[in-house]
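Undergrad: Sequence:
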Amino acid sequence: MFGNAAGAYEQSIYAKEAILCKDCGGVYGEPLDDLSVNNNTVLVSFHGGSSERWYSKYRFQYRDRDWVLIGYTGGSYHTMDVYQGEEEDINLLTGDFILKKSDKNDPAGKLIQTEKGKRPKRKLVKLSEFKGKIYDETVIERLEADKGNHDITPSPDRQFVFFTKEKNETHFLWNIDEAQPKEIIGIASRVGHVIWSPNSKWLMVDSGTSPIRTGQLVDPASGQIILEVSYIGAGQISFSPDNSRLLYARGSEKLPSVKDHYVEGGRISIIVLDLRTGKEQIVKQGTETVDYHFPKWKDDGQISYTKITNSAAHGELVQTDTQETTKLDE
Numbered sequence: 001m002f003g004n005a006a007g008a009y010e011q012s013i014y015a016k017e018a019i020l021c022k023d024c025g026g027v028y029g030e031p032l033d034d035l036s037v038n039n040n041t042v043l044v045s046f047h048g049g050s051s052e053r054w055y056s057k058y059r060f061q062y063r064d065r066d067w068v069l070i071g072y073t074g075g076s077y078h079t080m081d082v083y084q085g086e087e088e089d090i091n092l093l094t095g096d097f098i099l100k101k102s103d104k105n106d107p108a109g110k111l112i113q114t115e116k117g118k119r120p121k122r123k124l125v126k127l128s129e130f131k132g133k134i135y136d137e138t139v140i141e142r143l144e145a146d147k148g149n150h151d152i153t154p155s156p157d158r159q160f161v162f163f164t165k166e167k168n169e170t171h172f173l174w175n176i177d178e179a180q181p182k183e184i185i186g187i188a189s190r191v192g193h194v195i196w197s198p199n200s201k202w203l204m205v206d207s208g209t210s211p212i213r214t215g216q217l218v219d220p221a222s223g224q225i226i227l228e229v230s231y232i233g234a235g236q237i238s239f240s241p242d243n244s245r246l247l248y249a250r251g252s253e254k255l256p257s258v259k260d261h262y263v264e265g266g267r268i269s270i271i272v273l274d275l276r277t278g279k280e281q282i283v284k285q286g287t288e289t290v291d292y293h294f295p296k297w298k299d300d301g302q303i304s305y306t307k308i309t310n311s312a313a314h315g316e317l318v319q320t321d322t323q324e325t326t327k328l329d330e
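In our numbering, the protein residues as written are 1 to 330.
Treat the hints as calculated values from the structure; they're not laboratory data. Heads up, the beta-carbon is just placed ideally off N, CA and C, and yes, glycines get one too. Any given hint could turn out to be false.
[Stated by the list, open to error] No farther apart than 20 Å at their CA atoms in a straight line, the calculated lysine-lysine pairs in the PhoX-like style are these:
| no. | residue 1 | residue 2 |
| --- | --- | --- |
| 1 | Lys118 | Lys182 |
| 2 | Lys201 | Lys182 |
| 3 | Lys279 | Lys201 |
| 4 | Lys182 | Lys165 |
| 5 | Lys307 | Lys327 |
| 6 | Lys121 | Lys16 |
| 7 | Lys327 | Lys298 |
| 8 | Lys116 | Lys147 |
| 9 | Lys131 | Lys16 |
| 10 | Lys167 | Lys182 |
| 11 | Lys327 | Lys279 |
| 12 | Lys123 | Lys201 |
| 13 | Lys182 | Lys123 |
[Said to hold, decoys possible] Ranges between beta-carbon positions, derived for each pair:
| no. | residue 1 | residue 2 | range |
| --- | --- | --- | --- |
| 14 | Ser210 | Asn40 | 56 to 66 Å |
| 15 | Asn91 | Thr209 | 41 to 51 Å |
| 16 | Glu169 | Tyr62 | 43 to 53 Å |
| 17 | Gln323 | Ile226 | 27 to 37 Å |
| 18 | Cys24 | Ser304 | 29 to 39 Å |
| 19 | Tyr62 | Asn243 | 33 to 43 Å |
| 20 | Lys327 | Asn40 | 49 to 59 Å |
| 21 | Ala179 | Lys296 | 31 to 41 Å |
| 22 | Tyr62 | Thr209 | 50 to 60 Å |
| 23 | Cys24 | Gln323 | 47 to 57 Å |
| 24 | Ser304 | Ser12 | 48 to 58 Å |
| 25 | Glu288 | Thr94 | 35 to 45 Å |
| 26 | Cys24 | Gln281 | 49 to 59 Å |
| 27 | Asn38 | Pro198 | 28 to 38 Å |
Using the sequences and the hints, build the whole thing.
TA: Written as structure tokens, this is what we have:
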């Protein structure tokens, strides 16, 4: 309620679904823990669960003539071990977040991990449209409740959720700010891994039924497939920390290899693809006796990988491997 010039009060907001239902707290009962108004903000707190307890706090502020969600704090812990749990705090205006974790292995229950960072800004939720949870929680719960959905994978910033409908193997992306998901046309069958770039700008869908994989790069904003690559190893493709490149290994059977009589795959090289240009660069070239496999990013300018040396002895393939790192060209 806001005061007016006549000295009376006027209703500022009506949010009929902002409070969780009386049974939503599980065996803990009524989930509403507190409702308070202070310094032009409204704080709504919930808790619930059973042996595994959860809690959430939503902070709304009056901005531009409307109440909007500006902050969220939520966490969970176990009643038999209150020192094992986690809590996340997000400033929805700036995208800044803090994730805190504690563990039962610490007898004193001290904090053993704190992660800080920034997520992309999202459309602010109005109190009049709030339904007791922020949108990403609601969308994910709806998808998980339908047993016909699988491959459910939210983006790191939780703005998008990828999922597959099992009945006809159709694939979708759901922008949590939109009412319905969008179908992604052209995704290969048998999805194995769903890999998001750190900044949630790109989605790589890994699929196939053999060691030779298909990876399709999707733009979540449009739902369009941008490019397609082939590589070796299920899920063995990754985004650089700065989101600008892809890293993977690929075999070539055009040139002979010592292992040709024993296994398929050809010479295996490590490749970096620049997402800005769409061009590939071989950074470690396989040879007749050496393969390069299992590449991983160490940082934006350096990768690690396994060097496999092949030889034949007494009619059998002999392989030895070593771990190496190399710097990439700028």
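Undergrad: For which of the previously enumerated hints does the structure constitute a violation, in increasing order of number?
TA: Going through the list in order, the structure violates hints 1, 6, 8, 18, 25 and respects the others.
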